[in-house]
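Q: Listed here are the chains, written in short residue letters.
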Amino acid sequence: MSGHDSPPTVGVSTGPATSLAYHTGTWRTERPVYVDLAPPCSLACPSGEDIRGWLGSTQEGEVGFEKAWRRLVAANPLPAVMGRICYHPCQTACNRGDVDEEVGINAVERFLGDTALARGWALPAPAAQSGRRVLVVGSGPAGLSAAYHLRQLGHAVTVREAAAEPGGMMRYGIPAYRLPRDVLAAEIRRIEATGVRIECSTAVTSLDHAQAEFDAVVLTVGAGVAHHVDIPAGAASHIVDAIDVLRDVASGHPPLLGRRVAVYGGGNTAIDAARTARRLGASDAVVVYRRTREQMPAHPTELADAVGEGVRVQWLSTISAVDGPRVTIERMELDADGRPHGTGEYEELDADTVLLAVGQDADLSLLSDAPDVTVVDGVVRVDPVSLMTGRDGVFAAGDVSPGSRTATYAIGRGARAAKAVDAWLASRVLPAEPVAREASADRLNAWYYSDAPKQHRSELEAARRVTGFEEVLTGLDAEHAVFEARRCMSCGSCFECDNCYGMCPDDAIRKLGPGMRYEIDYDYCKGCGICAAECPCGAIDMVPEVR
Amino acid sequence: MTTVHIPFLQTGTLAVGGRLLTEEERSVQSHADRPSSLTKGHRACQGCAEALAARWVMDTAVEAAGGKLIVANATGCLEVFSTLYPESAWKPPWIHSLFANAAAVATGIAASLHAQGRDDVRVLAQGGDGGTVDIGLAAVSGMFERNDDVLYVCYDNQGYMNTGVQRSSATPATARTATTPAVGRHPGQAFGQGKSMVKIAMAHEIPYVASATPADLRDLEAKVRTAMSIRGARYLHVLVPCPLGWGSASSASIALARAAVQSGIFPVIEARAGELTDVQRIRERVDVSAYLEPQARFAHLFTPGGEDALDRWRALAEANIRRYDLLGGAS
Amino acid sequence: MREVLEGSQAVARTVARCRPGVVCAYPISPQTHIVEALAGMARTGELADCEYVNVESEFSAMSVAIGACAAGSRAYTATASQGLLYMAEAVYNAAGMGLPIVMTVANRAVGAPINIWNDHSDAMAMRDAGWLQLFAADNQEAADLHVIAFAAAEELGIPAMVCMDGFVLTHASDVVELATADQIDAFLPPYHPQQVLDIDRPTTIGTMAGPESFTETRYLQHLRFLDAADVIAAWSDRFRAAFGREAGGLIARYSPDTLDRDAQAPPASSTDLTVVAMGSVLGTLQAALAPLRAEGVPVRLVGVTSFRPFPEAALREALGGSRHVIVVDRALELGAGGALTGSVGRALAGTRSRIHSVVAGLGGRPILESSLEGAVRRALAGELGALEFLDLKTGGVPVPVEGASEVTR
Amino acid sequence: MRQVRIHGRGGQGVVTAAEMLARAGFLAGHEAQAIPSFGSERTGAPVVAYCRFADVPLRTREPVLAPDVVLVQDPTLLASEHPFAGLVPGGLVVVNTEADAVDVRAAAGAEDVDATVLTVPALRIALARLGRPKPAAAMLAAYAAASDDITLEAVKAVFRDRFPGPVGEANAHAADDAFTHIRTTVAREGADHA
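Chains as they are written, first to last, in this note's numbering: chain A, 1 to 547; chain B, 1001 to 1331; chain C, 2001 to 2409; chain D, 3001 to 3194.
Incorrect hints may have been included.
Unchecked claim - DMTMM-like mimics (lysine to aspartate or glutamate), calculated; alpha carbons at most 20 Å apart, straight line:
#: 1; chain 1: B; residue 1: LYS1195; chain 2: B; residue 2: ASP1120
#: 2; chain 1: A; residue 1: LYS511; chain 2: B; residue 2: GLU1025
#: 3; chain 1: B; residue 1: LYS1068; chain 2: C; residue 2: ASP2200
#: 4; chain 1: A; residue 1: LYS419; chain 2: A; residue 2: ASP114
#: 5; chain 1: C; residue 1: LYS2393; chain 2: D; residue 2: GLU3062
#: 6; chain 1: B; residue 1: LYS1195; chain 2: B; residue 2: GLU1318
#: 7; chain 1: B; residue 1: LYS1195; chain 2: B; residue 2: GLU1293
#: 8; chain 1: A; residue 1: LYS511; chain 2: B; residue 2: GLU1023
#: 9; chain 1: A; residue 1: LYS419; chain 2: A; residue 2: ASP392
#: 10; chain 1: B; residue 1: LYS1199; chain 2: B; residue 2: ASP1325
#: 11; chain 1: A; residue 1: LYS419; chain 2: A; residue 2: ASP442
#: 12; chain 1: B; residue 1: LYS1068; chain 2: B; residue 2: GLU1145
#: 13; chain 1: A; residue 1: LYS67; chain 2: A; residue 2: ASP114
#: 14; chain 1: A; residue 1: LYS511; chain 2: B; residue 2: GLU1024
#: 15; chain 1: C; residue 1: LYS2393; chain 2: C; residue 2: GLU2373
#: 16; chain 1: B; residue 1: LYS1195; chain 2: B; residue 2: GLU1205
#: 17; chain 1: B; residue 1: LYS1068; chain 2: B; residue 2: ASP1119
#: 18; chain 1: A; residue 1: LYS511; chain 2: B; residue 2: GLU1205
#: 19; chain 1: A; residue 1: LYS511; chain 2: B; residue 2: GLU1063
#: 20; chain 1: A; residue 1: LYS67; chain 2: A; residue 2: ASP50
#: 21; chain 1: B; residue 1: LYS1199; chain 2: B; residue 2: ASP1119
#: 22; chain 1: B; residue 1: LYS1199; chain 2: B; residue 2: GLU1293
#: 23; chain 1: B; residue 1: LYS1199; chain 2: B; residue 2: GLU1145
#: 24; chain 1: B; residue 1: LYS1068; chain 2: C; residue 2: ASP2198
For the record, the hints were derived by calculation from the structure and aren't laboratory data.
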């Protein structure tokens, strides 16, 4: 009986974890792949902020605030300002709106901006001096953004501003109750501290001269001139441009408007003007708008605040004539395409002053010596990728160029112009902005997000009632800012929730450690797709296995 | 309910983990160095919730026992897919004897350990619904009745999936199986049959009985931890969706477990000494069709003539909701 | 110390002195007195450091033993008849997993018709389960065999049944001398499992073996079984040396002169008529053959102690080429003959021995000395058939008074 | 070799009597063996048990077919259970009864059997001493009084050993009573030899 010393249990027992010898990965017909998609908030952000990124850092609490702010100012050097005046299209796009309510991104931005000011955080030190000099004409949001980003790239930047103070429409168009001047000033000072030179009360009148002095020029002169419509008006009529009123108020010279003020227009300037009129003592401020509430370009929250302050709106109405305090209004109606048409019905309104807020135009007098810089529809024509005007080395961004006329958009275009200038200075071709895949709502597994424990949820609700991220004037405190940031679903980007790792039935995902995310072990992954299905943020694609 | 109070950190308590959690707040499964008691290389079907739940349960038990856990396993999918000689996907000491005797084998292990003065080593027995509710019921009941120091876990996939999807006494009404075909006037498993192992366990008045699903890891881990903190006979019933037997997408296993709970079909409860002590409330109620329709075994319910059966399903859900106060209205 | 003890008590006390870690049992006649006695000793502390588990079925009894043995305890249970069959699946399983459980089988008939009395049908039903099967001739041996069984089983990693005739031995009181606890401690090594569920060295026990490995698994089990004969013989020799009495072994030899058990007895010769039997009938045969030997009839007696593994070589040697072999069989292979006869026949295949199968004592029918003697005389006269049923009543079973007469065609 | 058969009913301690008898015989220096009847032991059903003594080891396992001694623990069994069957000529029959040997023979249809028949009121003795109808000790003591197979002291010893304390003492007293009864009766009347 020799030669069979094996234990009697051969074939019955075996060592632990010996299954590692069996690679189940060959079973797979689809493989999970981690992806990073663009979240709708960022896609909707005209400033191009990495909102998901800086919310992510904010989620970490105190230790993450500065990092969050630095991620924020990588795109936008004015977060305290924009945290107040941005109409946050990011929030409109936010996928969380489908779950409960959109994340209060703007309020968190303001929190970060204010925190940075309070703590005196400096903007990043610029790159090494390039030796190139760039002139930015105008110090509105586009100009400041362009100057900041150019400076970050190492160029010597000078900003020339015709007005006495920098800030453009932020300084002279937006009422102080929406944007305190010290906040604006502080953020501009912080840009200056990076080496940007801002020369106020210095109008640039000749592009040729500018180009002689600088290697490149960026035009960001804005659209500060009120657009005019022809309204038959009697001699005693008191008709002024709303933007001028706002500018005068901002300059410390509030005009006398009277007790009854009619504002003609439907944009934010109209609303600002009406609310300003109320603050200037008008007991009756009426906004006359020719379309409906749904069509009004003014931001709904602005309108709501205005109405809350006693501003009235006369919908479907145009001012057809002004005669002294008597304003004649024609009733309008919408056709099948939603366009307003006069009905021939008229009524009258009493107004001491009529404020015109029917649009603003760019002051293009600077271009009188530059016929090669073409102007179309009142704005400077630029190459859509390089933002360069018809003249080599001259770029344009902000309201003076085509596109949306918001400060947020202006900041984004300013940053883009900076890149364009930088590329042009280096004789590089600036690639078009990549079209990112969107992390759309249907990719999400929202089940995982709405599990705020009740006590927290009620805190959140209380916070909203008291501080009202979107609507109220005071900012979030740190706790609520963190909480709000944590409501971000990180659409399309792994935030290390461990679902894939924990829910893999085949134990085929490795966790690489904090910040390192995960790695799929394709030797064993059978491709069941649970990781993708249960990924809250849609950061895993299942792709056909092609062997 | 054994609640885990996790601060709201982006996903709250429903996700496996979260980078913002402290070490103490983490689920066992979220640890990079979790035990992975059932490790890779096992041969379960794609999307097998039993494989998943077994790892969850055992990892938690292993941690709760300080690594001192011995497992007895009934015959069934879990055994077959994990231990095809000469390979084993198990890390803890593990034994499979027969289909019907996992509870008794576990009793023997516990008795042996007690005799050796090794009460620090804990014993877990596990099996599928067939090995628990049907053929193994006598042994399970005996283990309960003696109050042996064993945690018994049933992974209920509602049928004999290992042998090709036949009906068990845990197969739900109307489900199509190989032995309850979807033909005739009353297609699939008949209404009025089957038994509730959770209620049977409770009737033994053992120290701890709970149900859970892979749709709520933290709840499951908490229940295992609770069970492991108690001595004597304990029972955990885990609903485990089976892509093969249920005719569902392999990626849908978690979602189906979620739908089973959120529709009121599968009550997630806790009981001590025979008394119901807690239920998990429905969080986002869904219609039973959300649970049934993704499963091919219920496909005939969604053809003309299936409405009556669907209504009876709704009545079942309503009955559960009433009986267990799943919507939380009563308290 | 010699004393009068009921067989069950003798076994229970001996088992207790083997220090099992876990004893589990489900009652069934005629095994009950054994497990009752062990239950009592577990309560009094005489059976120390042992868990006594009252299970809900024989199936669970064996299952608990499997778990206990795999967890490193010496495990013991006892059963009989229907109970053995009810646990059959687990009986095979224990052997397949190499768990050296020791189980007393108080041999009893298997129904239907239900019958609580002795024969060997139950053990025969499990003869291929992969267990050692040791049959006790008397209560002294029944007790002693348990010590040998634990020793051999644990060395081999093969479970062992000690078979003792139900009631005939379990309930009879005899003069016995039990091995003391100290003697057993000195004789029986502590249980060192060959495989164990150990948290420090985890292992997986009870895997599935596919077509690519099952045959080899069985083959290795078979080789181990072949080893078992030597191991049983060795432990029996050690037992004789330690205790000064015969117990176990593979084959029991009996002196031709005294008919006493004698390991040194010479083999039978080709001219001898040799009676082969197993279990308590050997005692009755000792008595029944004495008058024949006194007459000078060349009759010898050989007992089979180890039915599994079946000691073909040792049996052939003991039979010494006997031309006439009568196998007294307490179990029946329906349509074939005695169950023991089958194994004896295989052992003697190719020899010139003629085998008679005498089936006796089924379902508790008393086996009488006179009947056995008669069978031998008829064999000598050439009148004994190849298969006979001892004391078979001609005319069959009495028909019930009412109701059943027309049914059974 | 001496062979004993005990008749009784379930619950009367027949099996115990056989085992006690074997033990008593062992104490008296014999090899001994007790074989209870193998039944399902229902209370009241007729039960038989056997005992053997010898001075060489006992091998056989067959039931006792030709008893030297028959103990009948219940007189109602005389008619139905054929207690005289197989009795060796000159054998001893001890019957628990208030009646006499003549009545016993008549009841058993054994008027002409070659046997010594003794009667003892073992039930009365048992009830008096133990308060329970367990006549075994009295029966064995009666047997001891009538033969040299076992001794009264051995009978008392095995009962004391099996039932330590008052029960053992009560059995010992019962044994004394029965022993005295037989010795007295036989001395006065002589044994019944047919």
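Q: Which hint numbers doesn't this structure obey?
A: 1, 4, 7, 11, 12, 18, 21 and 22
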